[in-house]
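Residue numbers (our numbering), protein chains in the order written: chain A, 10 to 339; chain B, 20 to 228.
The set of hints was computed from the structure by calculation and includes no laboratory data. Among these hints, one or two may not hold up.
Negatives, chain B to chain A, calculated, CB over 10 Å [said to hold, decoys possible]:
no. : residue
1   : Ala30
2   : Gly56
3   : Ile89
4   : Pro103
5   : Ile105
6   : Pro112
7   : Phe115
8   : Leu117
9   : Phe171
10  : Pro176
11  : Lys178
12  : Phe181
Partial list, derived from the structure: chain A residues whose beta carbon lies under 10 Å from chain B [unchecked claim]:
no. : residue
13  : Pro74
14  : Ala152
15  : Ala156
16  : Leu185
17  : Leu188
18  : Tyr240
19  : Thr259
20  : Asp260
21  : Arg301
Here a beta-carbon is modelled for each residue, glycine too, at the ideal position from N, C-alpha and C.
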Amino acid sequence: MNNWERFLNIDRRWIYLLIAIVVIVPFFIRMGLPVVPTQEVRSVYDLVDSLGPDDAIFIGWDFDPGTEAENQPMGVAVLRHAFARHVPVFVTAYWPLAQGLAEMGLASVFDTRVPGNFVYVPWAEWESVRAAGYAGRDSLESAWEAAGNSLPEGARGWVFEGVDLANLGYLPYFSLVILGMGTSIANQYPTDAYGNNLHDMPILQAHKNLREVDLAVTLAGSTACMSWVVYGTSRVGLPVAFGVTAVMATDYFPYIQSGQIVGMMGGLRGAAEYEVLETEGGYTETTGKAYRGMDVQSLAHILIILLVILGNIAYFAGGFHKKTAMKNRR
Amino acid sequence: MYETIGLSVAAIFTLAVFSFLYKENPLYRFAEHIVVGASLGYSIVVTYQRVLYPRLVEPVSHGQELILLIPAIMGLLYVTRFFPRIAWMSRYPMAFLLGTGMGVAFPYDMQTLVLRQIQSTMIPLYTPGAPWFDTLGAFVIVFGTLSAIIYFFFSKPHKGPFFGFGSKVGIWIIMIGFGATFGFTVMGRISLLIGRVQFLLGDWLGLLN
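Chain B on its own, in the form it takes in the complex (with noise of 0.2 Å):
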């Protein structure tokens, strides 16, 4: 019984969302303002019993880990942004977690982002006993790194055979990839599409086997 009421409420929503593709109106602005208000209220109601319940609320008011009570008030300093007079004191927590954050994520970042993926294109353009397809991709990978950044180097006017032959080399490498990436687009745009109709004709109104 619920669970028919709820897949309805669900296939409504998602009829209402659709009704855009026609026109804009009434019906497509209340949802969306459904769907921001809900899961907002989802959000904060999960962060309290994961998080603010168990892991402050809880072991403070047995009146344990009150070191807890420093990240809380610090936490609390978010809200004076609201008190113009104060809002000031946000800057604190804010200024913590920057620092942090940068500090944390700064050194795993340049590793994982940056170093490796340079190494990654170190590689030997031809391996003795290795099919052609292989060495192709090499090539593909080493010429088409090195071409589209010398399309990105702007120091020096694209003439030339380096400069003028590598940018152009290069933007074609960087449309192939816009165009990979935009067939892949293509590609997850339907497929949500397909989502939704697979739960309005198979979830909701039982057609699909």
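Only chain A is shown next, with the shape it has when bound in the complex (with noise of 0.2 Å):
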């Protein structure tokens, strides 16, 4: 065995520690690579941007703890930017295991613990305020703050269930939903996840059914997001855009092209690049867990990149390439 032939029959163990080595140190040593928004990812950014408390939107958890780290950091992205913007959100669950991944992407988003997060106010807690009569979104938020609450110091605002959300959980044979919200929301999910009657909520009398909402976001690590595609898009005209794992983008950029959907978050990239617009439209005071994986992802790219081309070289060097080489080698 000559020493090219011991290269290319390495223990992949010392691979695998390489590749280690490469992932953790760049978490202590940041270099900042620059993230350069993408106009898939910008599209999406933008069509949120522009939309304001009269309008909806649907984020669809479509995804398992599989592809957690891929599909997270773009749910809780879009969440602050649609609650920065008061824009109600509806969330929802293709898969049992992503409604409590949903709900771990809200808690993340009102953990008053860190600055720049938002405050939960659930249904039951502003009951007396609804009682008094709701007239609109502006006019809650000065009757709850003159009723004694006050926003914690570094919160960015309130989060009204009902009325900025709906968390509407799980529901199997999720693509019939879709057809079905196509004419009702509240006959497919007369409850929110956690029993709440959807019918007296302000955020369901204002958008009764698909058509009367302005984007659907699925985030998906499977062809689940096709299913707002083939239900939302194509029945009633729903936008959708897609937040889908690096593994699945290839396969979705025709859809770009086609105009059958708004845009795409590609992976943890796709994320990345969605913080660093938030950041610079003021919605944020720094990035999010994606972008800080962007200097290790780089890094770890050159690794691979580099170890391809030393395979390479030493296939051809060691003259590999050759039948009979080939032959005896086996």
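Dock chain to chain to rebuild the complex, using the hints, since each chain is given by itself in its own frame.
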């Protein structure tokens, strides 16, 4: 066995060790490599940025824990953006496990220990203000603060359940649920994930079906995202944006070109680009988890490129591209 | 307190799964089985809480919407698969689901996945005033699609200027597509690792700001 052959037969655990070093070290030595937003992500951001309190969006937690690292930062970023602009948000879950992930995403936006987050006001908590008569979000906020509630230091704003947010939770056969929501959201979801009656909520009264919704952002680790296009866009013209894993991203570029989807966040990189746009737009002081991982991502890619080049050099220099050499090797 | 315990359990299971990278071991297998069991258990509870109880058990137990008993019985027929003598009964709910599923999906799928995609390749190659890269993009889309389809046309030998050259261009287009997909796949796998490392170093050990 010559040196080239030895190199090609290196124990794969050495490569794992190298990857581990490259993935851990940059978290402590920040380089701040630039992340330039692409047009696909900017389209999603611009559309959310053009919406306001009279509009509404769906954010579909259509992934399971296996792709949480990629999809969760996208969901958190879009939630922050929507809440900052007081855009009402419907949260849905395609899988049973996704309901828990959606609640984790919401909890991270409502964690007031972190500056720039939002204070969550559950539906039952503002019942007394509601009993006096609901006359729009602005008056609700004034009445809530007049009742002696004040924002904690560093918090960005209130999120009133039933006005700014409805967590609809999980339902099976979600494709049919989307189809049904084309006619009535409340018929598909009589109650939200916490058992509150959705018929009473102002968000449902203002947006009764998908025709009255301005965007659906589906965060997916599988083909679940296509359900929104097939049953949402095709049937009622619902604009859909994708937040998909990097593995899936290439499959869905044709749908941007055909105009069937608004834009796409592809993998952790897509989430990082959205975070950059949010920071540039003044919605967040600092970027989030996805951006923090980009230095690591870049270095890991450099290592993999080097390994691919070295592997090819060893392959050709060792003469393994010749059939006879291959036979001897076997 | 409970948060710390939860984080530590998650971290230990993450490390147990990572131990597979060194070699297969009982700790990894234990973690793998726990994942499957816990996911299934969680799914059953959520499905019961969100669907079965509020939409079936509650109304029917109050004598309302008794028509729900029909789909409930249809659903229960699936259980007959566990009893070989009456397993044939499970074919009825399956037939119902397949039939309605196909009926509902076919027109929408056809429209979204086929017709609109074909339509989006029928674009002008040159638009006056358009930047050069748009024109190049239009050429790549039209000729790339055509040559890839020629590669998958097996009723004629891939010889001559049309089928021979077309299929050669087609295989190059397909290979470039595979390369892009592989690149994105590498990015995705590294992203997943980054997520776990962020969890271990940041959420669990508190080493990251």
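Checked hints:
no.	hint	in the structure
1	Ala30	holds, 15 Å
2	Gly56	holds, 13 Å
3	Ile89	holds, 17 Å
4	Pro103	holds, 28 Å
5	Ile105	holds, 25 Å
6	Pro112	holds, 13 Å
7	Phe115	holds, 13 Å
8	Leu117	holds, 13 Å
9	Phe171	holds, 17 Å
10	Pro176	holds, 26 Å
11	Lys178	holds, 26 Å
12	Phe181	holds, 25 Å
13	Pro74	holds, 8 Å
14	Ala152	violated, 32 Å
15	Ala156	violated, 31 Å
16	Leu185	holds, 7 Å
17	Leu188	holds, 7 Å
18	Tyr240	holds, 6 Å
19	Thr259	holds, 5 Å
20	Asp260	holds, 8 Å
21	Arg301	holds, 7 Å
When each numbered hint is compared with the structure, violations occur for hints 14, 15.
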